[in-house]
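Model the placement of chain V on the given structure of chain G, informed by the hints.
Number of protein chains: 2
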Amino acid sequence: MDIRFEKREHLQEKPDQKNLGFGKHFTDYMFVMDWDKEQGWHDAAIVPYGGIPMDPATMVLHYAQETFEGMKAYRTAEGKIQLFRPEMNARRMIKSNERLCMPGVPEEMFVEAVKALVKAQEDWVPSEPGTSLYIRPFMFATEASLGVHMAKSYKFVIITTPVGAYYAEGINPVKILVEDEYVRAVKGGTGFTKCGGNYASSIAGQVKAEKMGCTQVLWLDGVHRKYVEEVGTMNIMFKIAGEIYTAPLEGTVLPGVTRDSLIHILRDWGYKVNETHLSIDDLMKAGHDGTLEEAFGTGTAAVVSPVGEFVYKDDSVIVNDFKIGELTQKLYDTLTGIQWGKLEDKYGWTTPVE
Amino acid sequence: MDIRFEKREHLQEKPDQKNLGFGKHFTDYMFVMDWDKEQGWHDAAIVPYGGIPMDPATMVLHYAQETFEGMKAYRTAEGKIQLFRPEMNARRMIKSNERLCMPGVPEEMFVEAVKALVKAQEDWVPSEPGTSLYIRPFMFATEASLGVHMAKSYKFVIITTPVGAYYAEGINPVKILVEDEYVRAVKGGTGFTKCGGNYASSIAGQVKAEKMGCTQVLWLDGVHRKYVEEVGTMNIMFKIAGEIYTAPLEGTVLPGVTRDSLIHILRDWGYKVNETHLSIDDLMKAGHDGTLEEAFGTGTAAVVSPVGEFVYKDDSVIVNDFKIGELTQKLYDTLTGIQWGKLEDKYGWTTPVE
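Top to bottom, those sequences are chains G and V. The first sequence runs 2 to 355 under our numbering. The second sequence runs 2 to 355 under our numbering.
It should be emphasised that the hints constitute simulated quantities derived from the structure, not laboratory data. Treat the hints with care, as some may be off.
Note that identical chains are pooled: a pair holds if it fits in a single copy or bridges any two copies.
[Said to hold, decoys possible] Lysine-lysine pairs mimicking DSS-like chemistry, simulated, CA-CA at most 27 angstroms apart:
id, residue 1, residue 2
1, 176, 209
2, 25, 81
3, 25, 156
4, 188, 227
5, 212, 153
6, 38, 25
7, 15, 176
8, 209, 156
9, 314, 96
10, 38, 96
11, 120, 331
12, 15, 324
13, 176, 347
14, 19, 273
15, 212, 227
16, 209, 188
17, 188, 96
18, 331, 116
19, 38, 81
20, 286, 15
Same shape as in the complex, but just chain G (with noise of 0.2 angstroms):
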């Protein structure tokens, strides 16, 4: 792939490592390609980070065919820099494309795109305990137009952002609202798929359980409002007597990176992983009879995020005392062990950047 680069003439202070936060300091550059029928990808180039200008009539604004990934860039103790499996970021972006019919960026030119843009502003690549490099890219329909279809054209941008530790304070339990009134996900939708309109839909239970005193919300299925399938914006696990469940990947819960890694390791480890439908009526009879031992969320912002409570209708259950598991933290210490470079990465999941 040719990628076209154009310089910044001045470039931006960094931001304090030690206060980086979430999505709040953008980097000098960004990733920018695009996408027509005649042409296929084309124009692929760095430029500096700034404005796109945009139709009032473009579609994305109000059809919302628009799809993005998450994924980070970690440097190692040497001061080297390395992705977690961005091929299969870039798969999962194939598949959210799809559905929205959009069209895809083949997996090695999305991973070209992604080590090109990190190599361009290594620096900018924090080295600070728990810090690391927040990759996001998307895609949205750039066709100006009001009728409803597939769009004629299309932008793939990869934008970047130094991110801190997700836990300043270490990874503390959090109290989770059972969502019954609202719905994520439905068979023959988009939830296992990164596409804006989910996050979009979700709010609304964020807003209620924040309400509600709760941090989070645990998603039901949409049909039987009954199994469990997600927490947030993250897949979710419970260790019950001894054993992993999570449910499965049926076309309404997104296919985690985090969640897929865990599950090797677990296995790996000799735990039996149940990728099955688990009823919130089971989940709670085990938080009251003692056999729910561990349950957290997993997703590449926080890892892995222990729940200590959850809340469904008038009844609540804790959770290992609402302290952290012994298995969440291993799990916690060995996938960023493996993703900071202090752990041997022997599943080959690492990649460097050069």
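This is chain V only, laid out in the frame that chain G set:
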């Protein structure tokens, strides 16, 4: 409301009224207004139509917090301009925005903005039979941030485009695919809103229908995959054994202004209108035993769109010999008669733009 007016230096040449198409030509001006928590709605202005610069981290491009409306301005035989039930669009947008956790534009402000924009460019309202000025109010999150949350700032925009008769050669029945794989909406989701995500997820069904030689999709409910809900981006009505059937407004179906108006007219004419769940099996059965007399989609763009055939799995039924039904035609003539001021507006549905 104080609306600033920013004059455009050169007005565009107006397109040929006989070849307008849909959403191809945009007028000289647009309405814009911004919202943030501190100021609420502010900076209302009518400005030259043109590009809106957008930071690549703008939330609408990632999480699709965006809603829209669709309505028309009609030119009467006397040369006057009128709107059709604009307060219904205003109220529906407020409902859409509530679900998406976006601020609402108050009804009076919404209608005033629409009128001011139409008035400012009244020369753009075409006069050829069947033509109108399509009005597209829309709103989107403008905050530049990658956290998934209710955005802190929004933009409300209205653009307008002169449109031709939806059916250049009169209204013709179309062939419809009953979709049993993709789902448009489920209770607890966003089906009753005009949010971008609904439309993005619907494109795959449309593409599939076209591949199978059909013009549009008939959506079934997301839970039982059994009850008839909408057709394409329209509501749908059936005349079976002399009575009218249409899906009830229970959260999965758009509360269409045309739907509501036709129900009023039909009941006024003495028809029994059943807002109830009609199963696809009962529909196909009615098609086979001859009691399915007419079927038509209803919406702002096409007003009524007759269905000539339903294809469901290996079965198919022809409606009214693939000809437009008598009632369908009468409804079309009556509603468009009121909208263009050719018939008496006994319901008080039209509002002059003065």
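Hint check results:
no.: 1; hint: 176 - 209; in the structure: within (13 angstroms within a copy, 43 angstroms between copies)
no.: 2; hint: 25 - 81; in the structure: within (24 angstroms within a copy, 51 angstroms between copies)
no.: 3; hint: 25 - 156; in the structure: both (23 angstroms within a copy, 21 angstroms between copies)
no.: 4; hint: 188 - 227; in the structure: both (14 angstroms within a copy, 14 angstroms between copies)
no.: 5; hint: 212 - 153; in the structure: between (42 angstroms within a copy, 18 angstroms between copies)
no.: 6; hint: 38 - 25; in the structure: between (35 angstroms within a copy, 19 angstroms between copies)
no.: 7; hint: 15 - 176; in the structure: neither (35 angstroms within a copy, 59 angstroms between copies)
no.: 8; hint: 209 - 156; in the structure: between (34 angstroms within a copy, 24 angstroms between copies)
no.: 9; hint: 314 - 96; in the structure: between (35 angstroms within a copy, 26 angstroms between copies)
no.: 10; hint: 38 - 96; in the structure: within (19 angstroms within a copy, 37 angstroms between copies)
no.: 11; hint: 120 - 331; in the structure: neither (31 angstroms within a copy, 66 angstroms between copies)
no.: 12; hint: 15 - 324; in the structure: neither (36 angstroms within a copy, 68 angstroms between copies)
no.: 13; hint: 176 - 347; in the structure: neither (35 angstroms within a copy, 56 angstroms between copies)
no.: 14; hint: 19 - 273; in the structure: neither (39 angstroms within a copy, 68 angstroms between copies)
no.: 15; hint: 212 - 227; in the structure: within (23 angstroms within a copy, 36 angstroms between copies)
no.: 16; hint: 209 - 188; in the structure: both (24 angstroms within a copy, 17 angstroms between copies)
no.: 17; hint: 188 - 96; in the structure: both (15 angstroms within a copy, 25 angstroms between copies)
no.: 18; hint: 331 - 116; in the structure: neither (30 angstroms within a copy, 62 angstroms between copies)
no.: 19; hint: 38 - 81; in the structure: neither (39 angstroms within a copy, 43 angstroms between copies)
no.: 20; hint: 286 - 15; in the structure: neither (50 angstroms within a copy, 69 angstroms between copies)
Of the hints listed earlier, those the structure fails to meet are numbers 7, 11, 12, 13, 14, 18, 19, 20, in rising order.
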